[in-house]
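Protein sequence lines, in the order shown, are assigned to chains A and B. One point on numbering: in the working numbering, the residue at position 368 of the first sequence is 368, and numbering is uninterrupted. One point on numbering: in the working numbering, the residue at position 47 of the second sequence is 1047, and numbering is uninterrupted.
It should be emphasised that the hints constitute simulated quantities derived from the structure, not laboratory data. Please read all numbers here as calculations on a predicted model, not as lab measurements. Worth double-checking, as some hints may not be accurate.
Stated by the list, open to error - DSS-like, lysine-lysine: derived pairs with alpha carbons at most 25 Å apart:
no., chain 1, residue 1, chain 2, residue 2
1, A, K194, A, K226
2, A, K147, B, K1147
3, B, K1195, A, K147
Stated by the list, open to error - Which stretches of chain A does chain B cover? Using the computed rule of at least three CB atoms under 8 Å from a CB of chain B, they are:
no., segment
4, 63–71
5, 132–141
6, 162–173
7, 244–258
For glycine and all other residues, C-beta sits at the position ideal for the given N, C-alpha and C.
Residues per chain are reported as follows:
Protein chains: 2
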Amino acid sequence: MGWAEAFPRKGLFVATKLPVARPRSVAATKTAFTYPAETAFAVDKRQYLFDHAYIARRETLVFNDGFPDTRLAPIDLLIREYRRFGNYRFTAKFLSYGPVQGSENLRNELARFLNHSRGLQVSPANILITKGAQMAMYLASQILVRKGEEVAVGEPGYLGASEVFRAAGANLNFIPVDKDGMDIDAVEQLCKKKKLRMLYVIPHHHMPTTVTLSAARRQQLLELAKKYQFAVVEDDYDFDFHYASSPIMPLVSVDTCGNVIYVGSFCKTIAPAIRIGFLVAPVNLIEQATWLRKLVDRQGEQLMEEAMANLLRNGDIDRHLKKANKIYHERRDLLCTLLRKELKGVAEFDIPAGGFSLWATFGDRNVKTIAAGAQKLGLGMADGDDYWHQKPGRVNGVRLGFASLNEKEMVEAVGLLKKAVEGA
Amino acid sequence: MGWAEAFPRKGLFVATKLPVARPRSVAATKTAFTYPAETAFAVDKRQYLFDHAYIARRETLVFNDGFPDTRLAPIDLLIREYRRFGNYRFTAKFLSYGPVQGSENLRNELARFLNHSRGLQVSPANILITKGAQMAMYLASQILVRKGEEVAVGEPGYLGASEVFRAAGANLNFIPVDKDGMDIDAVEQLCKKKKLRMLYVIPHHHMPTTVTLSAARRQQLLELAKKYQFAVVEDDYDFDFHYASSPIMPLVSVDTCGNVIYVGSFCKTIAPAIRIGFLVAPVNLIEQATWLRKLVDRQGEQLMEEAMANLLRNGDIDRHLKKANKIYHERRDLLCTLLRKELKGVAEFDIPAGGFSLWATFGDRNVKTIAAGAQKLGLGMADGDDYWHQKPGRVNGVRLGFASLNEKEMVEAVGLLKKAVEGA
Chain A
1 MGWAEAFPRK GLFVATKLPV ARPRSVAATK TAFTYPAETA FAVDKRQYLF
51 DHAYIARRET LVFNDGFPDT RLAPIDLLIR EYRRFGNYRF TAKFLSYGPV
101 QGSENLRNEL ARFLNHSRGL QVSPANILIT KGAQMAMYLA SQILVRKGEE
151 VAVGEPGYLG ASEVFRAAGA NLNFIPVDKD GMDIDAVEQL CKKKKLRMLY
201 VIPHHHMPTT VTLSAARRQQ LLELAKKYQF AVVEDDYDFD FHYASSPIMP
251 LVSVDTCGNV IYVGSFCKTI APAIRIGFLV APVNLIEQAT WLRKLVDRQG
301 EQLMEEAMAN LLRNGDIDRH LKKANKIYHE RRDLLCTLLR KELKGVAEFD
351 IPAGGFSLWA TFGDRNVKTI AAGAQKLGLG MADGDDYWHQ KPGRVNGVRL
401 GFASLNEKEM VEAVGLLKKA VEGA
Chain B
1001 MGWAEAFPRK GLFVATKLPV ARPRSVAATK TAFTYPAETA FAVDKRQYLF
1051 DHAYIARRET LVFNDGFPDT RLAPIDLLIR EYRRFGNYRF TAKFLSYGPV
1101 QGSENLRNEL ARFLNHSRGL QVSPANILIT KGAQMAMYLA SQILVRKGEE
1151 VAVGEPGYLG ASEVFRAAGA NLNFIPVDKD GMDIDAVEQL CKKKKLRMLY
1201 VIPHHHMPTT VTLSAARRQQ LLELAKKYQF AVVEDDYDFD FHYASSPIMP
1251 LVSVDTCGNV IYVGSFCKTI APAIRIGFLV APVNLIEQAT WLRKLVDRQG
1301 EQLMEEAMAN LLRNGDIDRH LKKANKIYHE RRDLLCTLLR KELKGVAEFD
1351 IPAGGFSLWA TFGDRNVKTI AAGAQKLGLG MADGDDYWHQ KPGRVNGVRL
1401 GFASLNEKEM VEAVGLLKKA VEGA
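Sequences are here, hints too, so could you generate the full structure?
Shown next as structure tokens:
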């Protein structure tokens, strides 16, 4: 069977028992066999619920799903921190196994940042540093949801989160979303019928429609969560980006009962590739999520976490957010102006109060057709399929990410969109 | 109930419906309530199987579990790469969402590196870049193991892996390990009784005893895996560190059937905190592991992956490994010499052919007592508990990590160990 031990090893208690090996040259080995194409054992096949195929097409002009402009990423600040590690006398202490819960410095700074910016009242013990909000949602749902348990999500909603919940074994329940956010009356009806374990909500700017959960519904949701004792996973991925006078404080800031788990990240603050996120929760949940985190990947990137702690401490993050908010605010306004001008009476939208994208509908014109046409003209955009779990009740709308397009690109993109709409 | 929306928001369709908010000052909020101590909903409590509490005590002298010396970490090389990103014209392309499977550059370089150093014949499509070997094991076992399926692990063994398998729902079966590695006859007996889904093995230097799986048993294991169609997870975490003339090629290098999954990392090459690991497998398994990876944390650190690709391409990793092997070889020899001299007739051990630690027993003397005594003298060491899943059959042994101790520290550590042994 050609055991490939080319040279008998001079180990202490093994060598004597080793059969004489037949040396094989690398060339001979290469022709002898190739790596197996398939496993010998069965592997269950699962499907992506959705995949942003157009993300990869970076060269073309794209109305993306709502990403920050990586050209504005303060990568220089990050590199400055990394250079410091090169000279750091104590860098060695960040190079070994470290705290599973994440850098103590970062958790301290983050507690301060969250309490200051969002009205939270948490301590570093309430924070688990994760790889993006994605991992925070993964860990929370794996800890909370057992097979067959009921989870409520918005329809339309963020299918990336739904896939995480489904992988945890959740039975998904779809809650209609209107201009005031999730329909909490529908949640109440659900609670009367089933034992709800978890509800996923993006109150600040709902994905995909960017609507904000109204104050009345927020109260209603917290009361329901208290009454029926379910967990609310509050995804606040774009809290730091708001163009109206004041952001709305998250649900977690007024949760006195321990119903709300808070998820966020810096992936939109620095760049999507800088994977620092966080899970905020009462300590008993943080402990369990930390247990699982240890199994998943042991710990985060300590150098990155220390760098981020410094950037928060120095006020670099605050300064960058101020600068970025100004630019994205201008880009949002530019897109709205251009859509009103170029697609008057065709494109309908409400001005998003924050975030990176705008929810548009085009009357009777099919978004799929528009997207296909745009694609041919060199403009990438979603085709409206990625926001819906179910067929019935679909609205013919699409997210137009404005944050990654500068003035010249935005003008060009809206011009191409106009052509595509006219051809649809 | 004090909804904390201090300022009504000027959103388009929300503001009009917002109830008049009662402004609260930050100070008032702070005294109004504190963050909940516990969740309102139930959270199942799980326990760590084991925890290296002594890792945290870095200031004291420690015989650790077998970690590289972070003082020798080529952090300058890594920082050099990061500085390059600061000037890079194309850094922006690594700052957005990227390939879930990992950097294409790194997968190319890694395929070359693995094929060259380990006799593998894999393509980049066979590689998933992970956060350390830990994540590779997590993903593989989550994909492969369903609740109640049978998994075989060595006894003694690496409990960190066992915990991952247990979390996937595995029913663990303990296979005795002797001087030739895992007892494959025992595996065969197991296969006759139960449907084995997966076997975890560290053939190069078994954890904890550092023994090497003999050639005969390797053949036997591959034949069994083929016959009974189970997956072999080969953990080769310290392949790159061997002090005998030649390393033994991994099982995966001669697997023509697709039974072996190969797991490794650079966490021992650069530093434990630099979390670049990999899973090598046939494409059908890589696809499924990539699906799960997307749910867990979307993607790895692209900048780190690009940096590592450059270090591999430049030959920096090869040069560092050569240098580090020389130093750790000397440290291994020094520890053996000192133990022979200072603990003659008391400490028994075989010279480890590679890796970062030595497996020692102390006759009738209890390792727990020795470790407690050492602790009092200022020497950290394991107490022998972390290697066994079960009570019966335990051997009174301990791993003494030599790689992180320089000559002065090693002399001091063995001196303290001697005192502790004499006092036991």
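Here is what the structure says about each hint:
For the given pair, K194 (chain A) sits about 16 Å from K226 (chain A) by alpha-carbon distance, which is consistent with the 25 Å threshold. For the hint pairing K147 (chain A) with K1147 (chain B), the CA-to-CA distance comes to about 11 Å; that is within 25 Å, so the pair holds. Restraint check: the Cα-Cα separation between K1195 (chain B) and K147 (chain A) comes to about 24 Å, which is no more than 25 Å; the hinted pair holds. With a cut-off of 8 Å between beta carbons, the segment 63–71 of chain A has 3 residues touching chain B; three or more are needed, and the interface restraint holds.
Figure legend: the segment 132–141 of chain A, annotated as covered by chain B; annotation consistent (4 residues with Cβ-Cβ distances under 8 Å, at least 3 required). Restraint check on the segment 162–173 of chain A versus chain B: 3 residues with Cβ-Cβ distances below 8 Å, three needed, restraint holds. Under the rule that three or more residues need a Cβ within less than 8 Å of chain B, the assignment of the segment 244–258 of chain A holds, with 12 such residues.
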